[in-house]
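Asker: What follows is each chain in one-letter form.
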Amino acid sequence: MKDEQAYITAYSSVARRSACRNGNIVFQGDENVNTGDFLTSLYKYLGADYPKLYKMDNLSRLGFLAVELLLTGRNLSENYNPEETGIVLSNANASLDADVNYMASVKNIPSPALFVYTLPNIVIGEISIRHHFKGENAFFVSEKFDEAFMHFYVTDLFSRAALKACICGWVECFRDDYKAVVWLVENNSREGALPFTIDQIHKSYLLSNGETNG
Amino acid sequence: MADLKKQIIAQLNLKDLKPEDIGDDQPLFVEGLGLDSIDALELIVLLQQEYKIKLANAEEGQSVFRSVRTMAQYITDHQGKSTA
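Sequences listed follow chains A and B, in order. Each residue of the first sequence is one higher than the one before, starting from 157 at the first, in the numbering used here. Each residue of the second sequence is one higher than the one before, starting from 4 at the first, in the numbering used here.
Do not take every clue at face value.
Derived contacts from chain B toward chain A, CB cut-off under 8 Å, selection only [claimed, not checked]:
id, residue
1, Leu-17
2, Lys-18
3, Leu-20
4, Leu-36
5, Asp-42
FYI, nobody ran anything at the bench for these hints, they're computed from the structure. The C-beta atom is built at its ideal place from N, Cα and C for all residues, glycine as well.
The whole structure should be built from the sequences, with the hints applied where relevant.
Answerer: Laid out in structure tokens, this is it:
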């Protein structure tokens, strides 16, 4: 096993009607809009031109848009093979938001279009399809964001040479409570990169969306 | 075709998409609206529920579901001739 330093080359967050990249607010939604409306307005702001977003559940839309923001100006295929880029995400409520919607549809005719989103790792699939990533991926469920575990898991993937780049983070959505914070971690440093450490993950997680450090 | 677009949006749960956002000739699958095989099932159900039309064979789906216009044409051609 190699023990090489990895780097956070970008991070983004989407929460409380705000979208931030590297700690800077880039978009703010209107007040009193629900999760779906806010995510639609963010999608239009980003100009992603990806109509499939309309059929996604809110968890997938949230993760998808957080990664769109994260990869602004980057095309990872220029630096890495598809198998070298992976995704590791986590949240507390898994796919509960989609589960509740699907259960409501069961009262009439169960909807396959809703059913396919009743797993949290579908958001990883949507991101992978969009960016043609084929590397290792995993979705973990924990009560709170566990910086130490995320650092351990991603570092292990790098040290085993399974990945050279990884998008990792927290993507949580249940009704109108949503928060995504994602990091782009690479084995090569870039201008402005931060060391991929537990402390740095913790700091950027708190600083995202204006939370105070401490 | 506007009604058909509304039905597609409702059937597929295309949140926040408006009928005018779907072009009459826009591909429904892959590079167009991004629908997939699961959505094809939903469209088959839509034809059966709303128009009492059952696809004669699965291979027809590729041409029938190419766009809203091709769906509308299929419905026009087959309404009242249900094989169900």
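Asker: Each hint should be assessed against the structure and marked as holding or not.
Answerer: Okay, the hints, checked on the actual structure:
| no. | hint | in the structure |
| --- | --- | --- |
| 1 | Leu-17 | holds, 4 Å |
| 2 | Lys-18 | holds, 5 Å |
| 3 | Leu-20 | holds, 4 Å |
| 4 | Leu-36 | holds, 5 Å |
| 5 | Asp-42 | holds, 6 Å |
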